[in-house]
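Engineer: Required output: the full structure, derived from the provided sequences and hints.
Numbers 684 to 843, taken from my numbering, label the letters of the sequence shown in order.
In case anyone wonders, no lab produced these hints; they're calculated from the structure.
Be a bit skeptical, because a hint or two may be false.
What the hints assert, rightly or not - Mimicking BS3-like on lysine-lysine, the simulated pairs with C-alpha atoms at most 30 Å apart in a straight line are:
no., residue 1, residue 2
1, Lys724, Lys819
2, Lys817, Lys832
3, Lys792, Lys776
4, Lys776, Lys747
5, Lys762, Lys745
6, Lys806, Lys776
7, Lys719, Lys792
8, Lys776, Lys740
9, Lys770, Lys745
10, Lys747, Lys762
11, Lys719, Lys686
12, Lys806, Lys792
13, Lys724, Lys762
14, Lys745, Lys686
15, Lys719, Lys806
16, Lys819, Lys719
17, Lys740, Lys724
18, Lys770, Lys724
19, Lys819, Lys762
20, Lys776, Lys762
21, Lys770, Lys740
22, Lys792, Lys724
23, Lys738, Lys719
24, Lys719, Lys832
25, Lys832, Lys806
26, Lys724, Lys686
27, Lys770, Lys832
28, Lys806, Lys817
29, Lys776, Lys745
30, Lys747, Lys792
31, Lys792, Lys740
32, Lys719, Lys745
33, Lys724, Lys776
Since the structure is predicted, the reported quantities are computational estimates derived from the model, not experimental observations.
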Amino acid sequence: MYKFFYLFLFLTVQGFISAQEYDLPSELDDNFIFFKSTDNKAHVLNYLNDYVFEKGKWTKNKLKTRSSKRDSVILFHPKGFNNSNFKVVQTEKNTYFVLNGGGPVLQLKNDSIVRIDNSVEQKNQFGAATFVYKNKMYMYGGYGFWSFKNYTTYYDFSSN
Numbered sequence: 684m685y686k687f688f689y690l691f692l693f694l695t696v697q698g699f700i701s702a703q704e705y706d707l708p709s710e711l712d713d714n715f716i717f718f719k720s721t722d723n724k725a726h727v728l729n730y731l732n733d734y735v736f737e738k739g740k741w742t743k744n745k746l747k748t749r750s751s752k753r754d755s756v757i758l759f760h761p762k763g764f765n766n767s768n769f770k771v772v773q774t775e776k777n778t779y780f781v782l783n784g785g786g787p788v789l790q791l792k793n794d795s796i797v798r799i800d801n802s803v804e805q806k807n808q809f810g811a812a813t814f815v816y817k818n819k820m821y822m823y824g825g826y827g828f829w830s831f832k833n834y835t836t837y838y839d840f841s842s843n
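Structural biologist: Written out as structure tokens, the structure is:
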């Protein structure tokens with residue numbers, strides 16, 4: 684009797700916990716950043732397009748940006764605008780994208796993506812642990828200029 688009960692329970696539960704599969708937007712190429720925003724929604728950011736996953740489907744939003752050369756050099760980075768080259772950092776209210784290795788910082792604001800820093804590519808902390816503490820963005824460690832780093836850097840919001 685117990686064997687049949689457990690078999691029935693196993694088959695029933697298996698049907699409920701099977702994974703759901705959703706395709707990514709068809710217009711995507713290899714350069715996109717996948718992240719969860721502060722409003723707890725899945726996003727796929729592809730240059731100036733922000734795809735938001737809501738109610739089982741992707742909604743495309745066109746993002747605005749400043750048309751300066753300084754901003755476009757980072758947004759259209761030669762190595763690609765993807766999760767390998769940019770780290771997603773979430774604070775309580777905002778979503779930021781920090782270039783791997785240190786340097787430029789982008790912020791996603793409503794319907795635009797804005798560069799908020801005044802730095803250059805550091806190329807000094809590749810693979811650093813990125814974290815938020817007391818609403819400040821930090822990078823610890825990493826590799827650059829032929830050595831491993833044992834220090835912490837942070838983004839100073841008052842400097843821009």
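Engineer: Give a verdict on every hint.
Structural biologist: Results of checking the hints against the structure:
1. Lys724 / Lys819: Given that 30 Å is the threshold and the Cα spacing comes to 22 Å, the pair holds.
2. Lys817 / Lys832: Holds. Lys817 to Lys832 sits at ~23 Å (cutoff 30 Å).
3. Lys792 / Lys776: The given pair, whose Cα atoms are some 10 Å apart, holds under the 30 Å limit.
4. Lys776 / Lys747: holds, 20 Å
5. Lys762 / Lys745: holds, 22 Å
6. Lys806 / Lys776: Holds, at roughly 28 Å.
7. Lys719 / Lys792: Since the Cα atoms of Lys719 and Lys792 sit roughly 14 Å apart, the hinted pair holds (cutoff 30 Å).
8. Lys776 / Lys740: Since the Cα atoms of Lys776 and Lys740 sit roughly 24 Å apart, the hinted pair holds (cutoff 30 Å).
9. Lys770 / Lys745: holds, 21 Å
10. Lys747 / Lys762: holds, 22 Å
11. Lys719 / Lys686: Since the Cα atoms of Lys719 and Lys686 sit roughly 43 Å apart, the hinted pair is violated (cutoff 30 Å).
12. Lys806 / Lys792: Roughly 26 Å separates the two Cα atoms, so the pair holds.
13. Lys724 / Lys762: Holds, at roughly 27 Å.
14. Lys745 / Lys686: violated, 56 Å
15. Lys719 / Lys806: Cα-Cα ~26 Å, so holds.
16. Lys819 / Lys719: Measuring from Cα to Cα gives roughly 19 Å; hence the hint holds.
17. Lys740 / Lys724: holds, 12 Å
18. Lys770 / Lys724: Cα-Cα ~18 Å, so holds.
19. Lys819 / Lys762: holds, 27 Å
20. Lys776 / Lys762: Holds, because 29 Å separates the two Cα atoms, which is no more than 30 Å.
21. Lys770 / Lys740: holds, 25 Å
22. Lys792 / Lys724: Holds, at roughly 15 Å.
23. Lys738 / Lys719: holds, 15 Å
24. Lys719 / Lys832: Holds, at roughly 29 Å.
25. Lys832 / Lys806: Roughly 12 Å separates the two Cα atoms, so the pair holds.
26. Lys724 / Lys686: Violated. Lys724 to Lys686 sits at ~42 Å, over the 30 Å cutoff.
27. Lys770 / Lys832: Since the Cα atoms of Lys770 and Lys832 sit roughly 18 Å apart, the hinted pair holds (cutoff 30 Å).
28. Lys806 / Lys817: holds, 26 Å
29. Lys776 / Lys745: holds, 21 Å
30. Lys747 / Lys792: Holds. Lys747 to Lys792 sits at ~10 Å (cutoff 30 Å).
31. Lys792 / Lys740: holds, 22 Å
32. Lys719 / Lys745: Judged against 30 Å, a Cα distance of about 18 Å means the pair holds.
33. Lys724 / Lys776: At roughly 13 Å apart (the allowed maximum being 30 Å), Lys776 and Lys724 satisfy the hint.
Taken one by one, the earlier hints fail for this structure at numbers 11, 14, 26, listed in ascending order.
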